[in-house]
Amino acid sequence: MDPINAENSLEAASRDRDPGHDSTSPFDRIKQTRADGTEYWSARHLQGLMGYARWQNLQPAIARAMQTASNTGMDVSREFAQVTPIMASQHRAAGGRFAPNGGEDYELSRQAAYLVAMNGDPNKPEVADAQAYFAARTEQAEAIESDLAELPEWARQQIDTIRRVGKIEVEQVRQRERLTAVESRLDGIEGKHNWYSALGYSRKMGLPTSTGATRALGKRASQICRSRGIRPQKTQHQLYGEVNLYPEEVLTEASRPVPAP
1 MDPINAENSL
11 EAASRDRDPG
21 HDSTSPFDRI
31 KQTRADGTEY
41 WSARHLQGLM
51 GYARWQNLQP
61 AIARAMQTAS
71 NTGMDVSREF
81 AQVTPIMASQ
91 HRAAGGRFAP
101 NGGEDYELSR
111 QAAYLVAMNG
121 DPNKPEVADA
131 QAYFAARTEQ
141 AEAIESDLAE
151 LPEWARQQID
161 TIRRVGKIEV
171 EQVRQRERLT
181 AVESRLDGIE
191 GKHNWYSALG
201 YSRKMGLPTS
211 TGATRALGKR
221 ASQICRSRGI
231 RPQKTQHQLY
241 GEVNLYPEEV
251 LTEASRPVPA
261 P
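Numbering (the UniProt record's numbering), first residue to last: 1 to 261.
Hint data in this document are derived by calculation from the structure and do not stem from the laboratory. Just so it is clear, the structure is predicted and the values come from calculations on it, not from any experiment. Among these hints, one or two may not hold up.
[What the hints assert, rightly or not] No farther apart than 25 Å at their CA atoms in a straight line, the calculated lysine to any residue pairs in the SDA-like style are these:
| id | residue 1 | residue 2 |
| --- | --- | --- |
| 1 | LYS31 | TYR52 |
| 2 | LYS234 | PRO208 |
| 3 | LYS219 | THR209 |
| 4 | LYS124 | ASP36 |
| 5 | LYS31 | GLN131 |
| 6 | LYS124 | GLY51 |
| 7 | LYS124 | TYR114 |
| 8 | LYS31 | GLN56 |
| 9 | LYS234 | MET205 |
| 10 | LYS219 | ARG231 |
| 11 | LYS31 | SER70 |
| 12 | LYS124 | HIS45 |
| 13 | LYS234 | THR252 |
| 14 | LYS124 | THR24 |
| 15 | LYS124 | THR138 |
| 16 | LYS31 | MET74 |
| 17 | LYS219 | THR252 |
| 18 | LYS124 | THR84 |
| 19 | LYS234 | THR211 |
| 20 | LYS31 | ALA135 |
| 21 | LYS124 | THR68 |
| 22 | LYS31 | LEU49 |
| 23 | LYS219 | THR138 |
| 24 | LYS234 | ALA213 |
| 25 | LYS31 | THR84 |
| 26 | LYS234 | LEU207 |
| 27 | LYS124 | MET66 |
| 28 | LYS219 | LYS234 |
| 29 | LYS124 | GLU104 |
| 30 | LYS234 | GLU248 |
| 31 | LYS124 | GLN111 |
| 32 | LYS124 | ASN57 |
[To be verified] Derived Cβ-Cβ restraints for the label pairs, each shown as a range:
| id | residue 1 | residue 2 | range |
| --- | --- | --- | --- |
| 33 | PRO60 | GLU139 | 52 to 58 Å |
| 34 | GLY206 | THR72 | 34 to 40 Å |
| 35 | PRO257 | SER227 | 14 to 20 Å |
| 36 | GLU249 | PRO208 | 18 to 24 Å |
| 37 | SER77 | GLY206 | 23 to 29 Å |
| 38 | THR24 | ALA216 | 43 to 49 Å |
| 39 | ALA135 | ARG54 | 24 to 30 Å |
| 40 | ARG34 | ALA63 | 22 to 28 Å |
From the three backbone atoms N, C-alpha and C, an ideal C-beta is built for every residue, glycine too.
Input sequences plus hints: build the corresponding full structure.
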């Protein structure tokens with residue numbers, strides 16, 4: 001059997017062994033999968049399912065979970081992968097499912113999500129549901145690993161190779177997102193907070209960054225500023241010299257398609 005099909009078959013068999021597994025669980029519906037096959041849950045999405053009305057109320061549970069993970073030797077930065085607002089915007093532009101408010105988020109591994117659930121408010125029935133779900137998923141994962149150990153050595157080696165290659169690809173994507181986030185900060189927010197250059201805003205939102213596209217965006221933003229009596233700010237760019245900075249809401253309006261006459 002092909003190693004990939006072998007791993008998928010083992011996972012399906014493990015689900016069949018688990019009578020409590022429910023593929024319609026809301027926690028299953030918000031689960032996401034990376035290129036390397038690893039699963040993660042958005043902390044923002046877990047917030048609602050765990051009965052927390054405000055993000056700030058869940059943050060103490062996340063902090064306690066991260067401390068527990070650190071104490072047990074887990075790689076906190078990997079298990080609790082932080083997602084900045086700019087990175088979240090890029091994920092949404094690429095079709096990813098992130099919280100609509102674009103705030104700080106975490107990509108939680110199964111173990112990390114389980115720790116967050118275990119550190120949640122014990123008086124909330126939703127927290128108890130989360131604890132039960134991730135406990136069952138942990139047992140399922142352990143069963144899969146046990147079954148994988150029984151595969152021939154050549155099959156295990158190929159599965160390990162597939163996982164390693166996938167992890168490299170995921171890390172490359174993360175590094176590109178971090179670099180783009182830093183570049184957009186350098187290109188845009190050097191005057192006032194939430195004021196961007198046309199290039200900085202385009203990078204932030206995943207829009208075309210060609211010279212023609214950013215020039216057209218800047219021209220439309222300048223027109224909107226003039227109509228509203230807003231004076232664009234100036235900043236020095238190391239490559240382009242003096243560039244204009246515009247309020248984010250102006251650039252958002254300027255980036256919308258122009259209606260046909």
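Results for each hint:
no.: 1; hint: LYS31 x TYR52; in the structure: 18 Å, holds
no.: 2; hint: LYS234 x PRO208; in the structure: 22 Å, holds
no.: 3; hint: LYS219 x THR209; in the structure: 14 Å, holds
no.: 4; hint: LYS124 x ASP36; in the structure: 34 Å, violated
no.: 5; hint: LYS31 x GLN131; in the structure: 15 Å, holds
no.: 6; hint: LYS124 x GLY51; in the structure: 7 Å, holds
no.: 7; hint: LYS124 x TYR114; in the structure: 15 Å, holds
no.: 8; hint: LYS31 x GLN56; in the structure: 22 Å, holds
no.: 9; hint: LYS234 x MET205; in the structure: 21 Å, holds
no.: 10; hint: LYS219 x ARG231; in the structure: 13 Å, holds
no.: 11; hint: LYS31 x SER70; in the structure: 24 Å, holds
no.: 12; hint: LYS124 x HIS45; in the structure: 16 Å, holds
no.: 13; hint: LYS234 x THR252; in the structure: 19 Å, holds
no.: 14; hint: LYS124 x THR24; in the structure: 21 Å, holds
no.: 15; hint: LYS124 x THR138; in the structure: 21 Å, holds
no.: 16; hint: LYS31 x MET74; in the structure: 21 Å, holds
no.: 17; hint: LYS219 x THR252; in the structure: 13 Å, holds
no.: 18; hint: LYS124 x THR84; in the structure: 28 Å, violated
no.: 19; hint: LYS234 x THR211; in the structure: 19 Å, holds
no.: 20; hint: LYS31 x ALA135; in the structure: 15 Å, holds
no.: 21; hint: LYS124 x THR68; in the structure: 21 Å, holds
no.: 22; hint: LYS31 x LEU49; in the structure: 12 Å, holds
no.: 23; hint: LYS219 x THR138; in the structure: 54 Å, violated
no.: 24; hint: LYS234 x ALA213; in the structure: 20 Å, holds
no.: 25; hint: LYS31 x THR84; in the structure: 19 Å, holds
no.: 26; hint: LYS234 x LEU207; in the structure: 22 Å, holds
no.: 27; hint: LYS124 x MET66; in the structure: 21 Å, holds
no.: 28; hint: LYS219 x LYS234; in the structure: 15 Å, holds
no.: 29; hint: LYS124 x GLU104; in the structure: 24 Å, holds
no.: 30; hint: LYS234 x GLU248; in the structure: 15 Å, holds
no.: 31; hint: LYS124 x GLN111; in the structure: 20 Å, holds
no.: 32; hint: LYS124 x ASN57; in the structure: 13 Å, holds
no.: 33; hint: PRO60 x GLU139: 52 to 58 Å; in the structure: 27 Å, violated
no.: 34; hint: GLY206 x THR72: 34 to 40 Å; in the structure: 37 Å, holds
no.: 35; hint: PRO257 x SER227: 14 to 20 Å; in the structure: 18 Å, holds
no.: 36; hint: GLU249 x PRO208: 18 to 24 Å; in the structure: 20 Å, holds
no.: 37; hint: SER77 x GLY206: 23 to 29 Å; in the structure: 24 Å, holds
no.: 38; hint: THR24 x ALA216: 43 to 49 Å; in the structure: 47 Å, holds
no.: 39; hint: ALA135 x ARG54: 24 to 30 Å; in the structure: 26 Å, holds
no.: 40; hint: ARG34 x ALA63: 22 to 28 Å; in the structure: 24 Å, holds
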